[in-house]
Amino acid sequence: MSRGFRVYSNTGHVFYPEPGVAVHPSEPTTVDQLSEAMEFQRVNLRIEEIGEDGQPIDESAGAVTEESARRFAEEHGFALLPQKDRDALSGERDRLATDNTAFVKQVEKLEDDLKKAKADLQTSKDELKDAKANHKTEVDKLKTDYKSELTQTKADHKTEVDRLKSELAEAKKPAQPAL
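Following my numbering, the residues of the sequence shown are numbered contiguously, the last one being 517.
Hints listed in this document are in silico derivations from the structure and should not be mistaken for laboratory results.
Hints are not guaranteed to be accurate.
Simulated restraints on C-beta separations [what the hints assert, rightly or not]:
id, residue 1, residue 2, range
1, 434, 411, 25 to 35 Å
2, 434, 407, 37 to 47 Å
3, 434, 454, 49 to 59 Å
4, 432, 405, 26 to 36 Å
5, 510, 470, 35 to 45 Å
6, 441, 463, 24 to 34 Å
7, 430, 450, 25 to 35 Å
8, 476, 497, 27 to 37 Å
9, 502, 478, 42 to 52 Å
10, 471, 491, 27 to 37 Å
11, 465, 432, 42 to 52 Å
12, 503, 468, 46 to 56 Å
13, 496, 474, 31 to 41 Å
14, 465, 443, 25 to 35 Å
Quick list of in silico lysine to any residue cross-link-like pairs, SDA-like style, CA-CA up to 20 Å [claimed, not checked]:
id, residue 1, residue 2
15, 454, 466
16, 443, 433
17, 470, 458
18, 479, 495
19, 511, 499
20, 467, 457
21, 511, 500
22, 492, 476
23, 479, 468
24, 510, 500
25, 443, 432
26, 492, 503
27, 496, 486
28, 479, 491
29, 474, 458
30, 481, 491
31, 447, 437
C-beta atoms are modelled at their ideal positions from N, C-alpha and C, and glycine is treated no differently.
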């Protein structure tokens, strides 16, 4: 009895692989290609061994073996991913997922820190603006007080000068004899 394989998509239809995804005619060369192929196979494909009559072979008659899968791949020009590559990619995928999770957490923390820094900066700007306004008010008050004091001092000096002039004029007048 000659055996074969039928490849089904996740919708139950027979799947005819396209190059570059899942089962494909050339060896994947990058981790991304291998990961994509493995993930596509895991999620979307089901390989079923069939007999000469085209009916699925009962599992009790024998499951798909590595050898039968290799023969199928060779006959149809496909490349199978060796188990060691699948295991290595699975480990790499787990490591990358862990790294990605850590990176996402780091980015979220940095975003929070940035928001806090922006809020602190805005608070500082507002405080400086208030301090500047208060300083300007204080300077204006000091200027007004100074001008008022200067005006008062000038008036006092003028009054004092006028008084001294009067006294001097009085002193220069000849004294009138007492009658």
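Hints and how they fare:
1. 434 x 411: 25 to 35 Å: Given about 27 Å between the Cβ atoms, the range holds.
2. 434 x 407: 37 to 47 Å: Given a distance of about 27 Å, which is not inside 37 to 47 Å, the answer is violated.
3. 434 x 454: 49 to 59 Å: Violated, at about 30 Å.
4. 432 x 405: 26 to 36 Å: Check passed, 29 Å falls within 26 to 36 Å.
5. 510 x 470: 35 to 45 Å: violated (58 Å)
6. 441 x 463: 24 to 34 Å: holds (32 Å)
7. 430 x 450: 25 to 35 Å: holds (30 Å)
8. 476 x 497: 27 to 37 Å: holds (31 Å)
9. 502 x 478: 42 to 52 Å: Since the Cβ atoms of residue 502 and residue 478 sit about 36 Å apart, the hinted range of 42 to 52 Å is violated.
10. 471 x 491: 27 to 37 Å: For residue 491 against residue 471, whose Cβ atoms are near 30 Å apart, the range 27 to 37 Å holds.
11. 465 x 432: 42 to 52 Å: About 49 Å separates the Cβ atoms of residue 465 and residue 432, which means 42 to 52 Å holds.
12. 503 x 468: 46 to 56 Å: holds (52 Å)
13. 496 x 474: 31 to 41 Å: holds (33 Å)
14. 465 x 443: 25 to 35 Å: For residue 443 against residue 465, whose Cβ atoms are near 33 Å apart, the range 25 to 35 Å holds.
15. 454 x 466: holds (18 Å)
16. 443 x 433: The hint holds at about 15 Å.
17. 470 x 458: holds (18 Å)
18. 479 x 495: Since the Cα atoms of residue 479 and residue 495 sit roughly 24 Å apart, the hinted pair is violated (cutoff 20 Å).
19. 511 x 499: Holds - the C-alpha atoms of residue 499 and residue 511 are around 18 Å apart, at most 20 Å.
20. 467 x 457: Roughly 15 Å between the alpha carbons, so the hint for residue 467 and residue 457 holds.
21. 511 x 500: It holds: about 17 Å lies between the C-alpha atoms, which stays within 20 Å.
22. 492 x 476: violated (24 Å)
23. 479 x 468: Given that 20 Å is the threshold and the Cα spacing comes to 16 Å, the pair holds.
24. 510 x 500: Status holds; Cα separation ~15 Å.
25. 443 x 432: Holds, at about 17 Å.
26. 492 x 503: holds (16 Å)
27. 496 x 486: Distance ~15 Å between residue 496 and residue 486 Cα, so the pair holds.
28. 479 x 491: Between residue 479 and residue 491 the Cα gap is close to 18 Å, so the pair holds against 20 Å.
29. 474 x 458: Violated. Residue 474 to residue 458 sits at ~24 Å, over the 20 Å cutoff.
30. 481 x 491: Distance ~15 Å between residue 481 and residue 491 Cα, so the pair holds.
31. 447 x 437: holds (15 Å)
This entry does not satisfy hints 2, 3, 5, 9, 18, 22, 29, going by the numbered hints stated previously.
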